[in-house]
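Work the whole structure out from these sequences, hints included.
Under numbering that gives the first Met the number 0, the first residue of the sequence shown carries the number 0, and numbering increases by one thereafter.
None of these hints come from the bench; they were simulated from the model. Keep in mind that a hint or two might mislead.
Unchecked claim - Label-pair distances were calculated between CB atoms; the ranges are:
{"no.": "1", "residue 1": "A33", "residue 2": "D77", "range": "15 to 23 Å"}
{"no.": "2", "residue 1": "Q55", "residue 2": "A29", "range": "29 to 37 Å"}
{"no.": "3", "residue 1": "E66", "residue 2": "A32", "range": "35 to 43 Å"}
{"no.": "4", "residue 1": "E65", "residue 2": "A29", "range": "38 to 46 Å"}
{"no.": "5", "residue 1": "T27", "residue 2": "E65", "range": "14 to 22 Å"}
{"no.": "6", "residue 1": "V58", "residue 2": "R78", "range": "14 to 22 Å"}
Backbone N, C-alpha and C fix where the C-beta goes; we use that ideal spot for every residue, glycine too.
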Amino acid sequence: MTHQAVRYVSRSTAAAAGMIATAATSVTAAAVAASIILSPAPDASSRLDGVHADLQRAVQLNQITEEQALRFEAKLADRILGEA
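See the structure below:
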């Protein structure tokens with residue numbers, strides 16, 4: 000096989016592998032999106048527990064103050080409980 004033919008086969012194989020990887024990534028992303036959309040929505044208490052945990056983590060990382068966390072949690076609790 001000539002050098003030019005080997006180079007063509009190598010490039011073609013690499014291009015095909017790239018397309019397969021892109022397709023696999025798209026399929027994986029679609030599967031994750033479908034699982035999120037089709038999963039049942041968590042109840043209000045679970046959501047509030049998650050909000051509280053996230054805000055406490057932000058306080059520990061000094062991203063927000065304790066007072067900011069309390070005010071924001073109260074606002075979100077009003078919204079979440081208003082939806083329930």
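| Does the hinted range 29 to 37 Å hold for Q55 and A29 at CB? | With Cβ atoms ~34 Å apart, the hint holds.
| said: A range of 38 to 46 Å was offered for this pair. Does it hold for the Cβ distance of E65 and A29? | reply: Holds: the Cβ-Cβ distance is about 41 Å, inside 38 to 46 Å.
| field | Supplied distance hint 15 to 23 Å, evaluated on CB atoms of A33 and D77 | value | Given range 15 to 23 Å: violated, Cβ gap about 32 Å.
| query | Falls inside 14 to 22 Å, the C-beta gap from T27 to E65? | reply | violated, 39 Å
| task | Hint says 35 to 43 Å; check whether the CB-CB distance for E66 and A32 agrees. | result | Holds, since E66 and A32 (Cβ atoms, about 37 Å apart) stay within the stated range.
| Do V58 and R78 keep their Cβ atoms within the hinted range of 14 to 22 Å? | holds, 20 Å
When held up to the earlier numbered hints, the structure conflicts with 1, 5 and fits the remainder.
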